[in-house]
Amino acid sequence: MNITVEQAMSIYPLSEGRLIAGKDGSSRIVKSVNVMDAPDITEWIKEGEMLFTTAYLMKDHPEEAVGLLRKLDARGSAGLGVKLGRFWTHIPEPIVEEADRLQFPLIELPFQFTFSDQMSGLFYAEMERNTKSLHKLLEKQKKLMQFALKSGFETDFFSKVLAIIGYPFAVVSSRGQMVFNASSHPDGQLLKEWPWRQQDQWERMEYGGYYRIALEYKQECIGTVLFFPHGALHLKEEEGLFHQTAEMIAHHMSYIFRDALEQSLNKDLGELFARYLNQLAPIDMLVDYADHLGVRVLDRAYQCVLTKLSTSDREGRSKQFFQEVREEFAYNPVFRDLEVVHFVVEEGVFSIFRADAFDNAGKLAGLLSRCFEYIVNKGIISQIRLSVSSKKSKPELLRQAYTECSDALKLSERLGMSDRIVQFGSIELAYVFQHVTPEKMKAYSDEVLSELLAKDPDYSQEMLRTLELFLEHDGQVNEAAKHLFVHRNTAAYRLEKIGEMLSVDFKKIDDLLRLKLAFVFRRMVEEKRGTNP
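If you read the sequence shown in the UniProt record's numbering, its first letter stands for residue 1, the second for the next number, and so on.
None of these hints come from the bench; they were simulated from the model. One or more hints might be untrue.
[As the list claims (entries may be wrong)] Okay, derived cross-link-like pairs now, BS3-like style, lysine-lysine, Cα gap no bigger than 25 Å in a straight line:
id : residue 1 : residue 2
1  : 516       : 455
2  : 455       : 410
3  : 132       : 31
4  : 71        : 59
5  : 192       : 140
6  : 440       : 482
7  : 442       : 482
8  : 31        : 218
9  : 23        : 59
10 : 132       : 142
11 : 363       : 319
12 : 140       : 160
13 : 508       : 482
14 : 497       : 482
15 : 136       : 160
16 : 516       : 440
17 : 160       : 143
18 : 46        : 31
19 : 410       : 363
20 : 410       : 392
21 : 132       : 143
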């Protein structure tokens with residue numbers, strides 16, 4: 001039970017009684033009802049308990065009833081109901097006066113109803129009230145969930161949530177700024193005790209009570225929400241509604257939090273990074289400023305990605321386009337659990353990923369491919385190419401990572417590679433040997449592949465293509481067969497024949513390296529031949 005004395009007096013048959021003293025205490029909370037049938041009852045009274053009595057224990061000693069009232073008040077009792085007609089015809093005046101002085105509710109109970117009738121009436125009314133309240137709460141939670149599922153970033157988000165839950169609330173940022181206040185209390189009054197402990201709890205203040213919940217984003221407190229229930233009464237289940245609402249508010253606040261951070265990153269950190277690339281700022285300055293913004297992707301192993309337009313920017317929309325790409329990356333669910341920073345640079349969008357979770361060289365490229373699954377229908381994927389650097393372990397290697405990304409894209413274009421995602425590791429040999437003369441490249445590749453090149457042209461091309469795809473997919477026969485559109489056994493048979501003709505063992509790294517380099521040289525010779533007809 002959780003009602004006030006005033007509310008209890010409106011419930012039949014207690015409504016047939018009369019509050020004769022202690023009216024100023026009618027807002028006391030009745031949590032339970034008990035019958036007083038022992039002299040030491042005060043030792044067992046709980047806070048919020050209302051007592052019913054026939055006055056049998058006090059009938060001959062009214063002065064003891066005054067002491068009883070004081071003890072009941074001290075124990076936090078909600079009130080005392082006395083049934084007249086059996087031992088007392090009226091309540092003695094000293095008792096009435098003391099009840100008024102203590103603001104302790106004193107009730108004359110109607111004689112025609114038993115204590116059981118009174119208690120049943122209260123319990124049934126409380127049950128009905130709780131059932132209705134629970135139904136309302138459930139309906140609010142359903143509406144709140146529907147709103148969360150349908151809405152994106154809403155400019156009038158707080159007002160819409162307020163209309164759903166029906167309880168005034170206030171939202172305070174992590175810096176003590178009032179973000180929203182729908183309560184009847186001025187901002188200064190609510191912020192008087194700020195900062196608060198990051199603990200969910202009820203607070204009772206001189207202006208009333210509220211339920212306070214810390215708002216968290218990525219285990220960091222980004223604010224606090226205060227809920228003001230109507231009156232002093234509340235259901236325990238209301239706290240569940242408050243927590244559900246707080247989670248939605250935290251999610252909404254995270255957009256504000258991330259937007260502010262991203263704007264700072266894109267403007268300030270991006271500008272500082274550009275200065276660093278031009279050797280106008282030391283790496284220590286960049287790292288310190290990133291730490292100041294809470295970005296710690298450079299303090300451990302990291303990997304970088306450069307995203308560029310795959311077509312010429314004839315309409316001058318590159319900056320806007322890069323901003324759209326950055327936002328897609330920033331809010332893409334694929335990167336949700338990763339520590340990463342994206343900002344716009346002159347060439348495109350540069351991303352730095354903390355690489356702790358990348359246990360193999362192709363892990364980041366695989367995540368980028370998954371990212372495209374989410375943005376494929378937005379027209380962005382068809383216009384961009386990405387390059388991935390090798391892993392770096394020190395901040396001082398950041399410029400090298402950027403150079404790897406930039407050079408990987410340029411070199412892949414020159415080599416006619418159609419891959420949308422280019423890993424520096426996959427063209428590292430071409431990068432290293434790009435200054436070797438075409439004549440030496442051709443001589444080397446012809447020597448390594450001489451036995452294959454001497455065969456019938458159609459047969460030779462088929463076998464060369466099989467070997468090239470086998471090497472491109474890191475020696476995975478299944479992947480090579482898939483791109484050749486043949487059965488795995490067919491690809492395996494061809495590779496077996498190739499190994500015999502070239503006298504190579506595909507399990508030996510030295511042999512694989514020689515073959516890989518031969519194909520790299522063939523591609524580079526073709527590229528140079530195409531640029532110098």
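- Message: residue 140 and residue 160 were given as a pair; does the straight-line alpha-carbon distance stay at or below 25 Å?
- Response: Distance ~12 Å between residue 140 and residue 160 Cα, so the pair holds.
- Message: Check whether the Cα positions of residue 71 and residue 59 lie no farther apart than 25 Å.
- Response: 18 Å, holds
- Task: Assess, step by step, whether the Cα of residue 31 is no farther than 25 Å from the Cα of residue 218, and give holds or violated.
- Result: 40 Å, violated
- Query: Hey, residue 363 versus residue 319, does the alpha-carbon distance stay inside 25 Å?
  - Reply: 29 Å, violated
- Task: Please work out if residue 136 and residue 160 have their alpha carbons no farther apart than 25 Å.
- Result: 17 Å, holds
- Does residue 516 pair with residue 455 here, judged by a C-alpha cut-off of 25 Å? 20 Å, holds
- Query: Are the Cα atoms of residue 440 and residue 482 separated by 25 Å or less?
  - Reply: Answer violated: residue 440 to residue 482 is near 33 Å, above 25 Å.
- Item | Satisfaction of hint between residue 392 and residue 410, Cα-Cα up to 25 Å | With a Cα-Cα distance of about 21 Å, the restraint between residue 410 and residue 392 holds, given a limit of 25 Å.
- Decide if the proposed pair is consistent with the structure: residue 132 and residue 142, CA atoms, cutoff 25 Å inclusive. 15 Å, holds
- Quick one, are residue 46 and residue 31 close enough, alpha carbons at most 25 Å? 9 Å, holds
- Task: Compare the distance between the alpha carbons of residue 160 and residue 143 with 25 Å, and conclude whether the hinted pair is satisfied.
- Result: Judged against 25 Å, a Cα distance of about 11 Å means the pair holds.
- Query: Regarding the pair residue 508 and residue 482, is the alpha-carbon distance no greater than 25 Å?
  - Reply: 24 Å, holds
Figure legend: structure checked against the earlier numbered hints; hints not met, in rising order: 2, 5, 6, 7, 8, 11.
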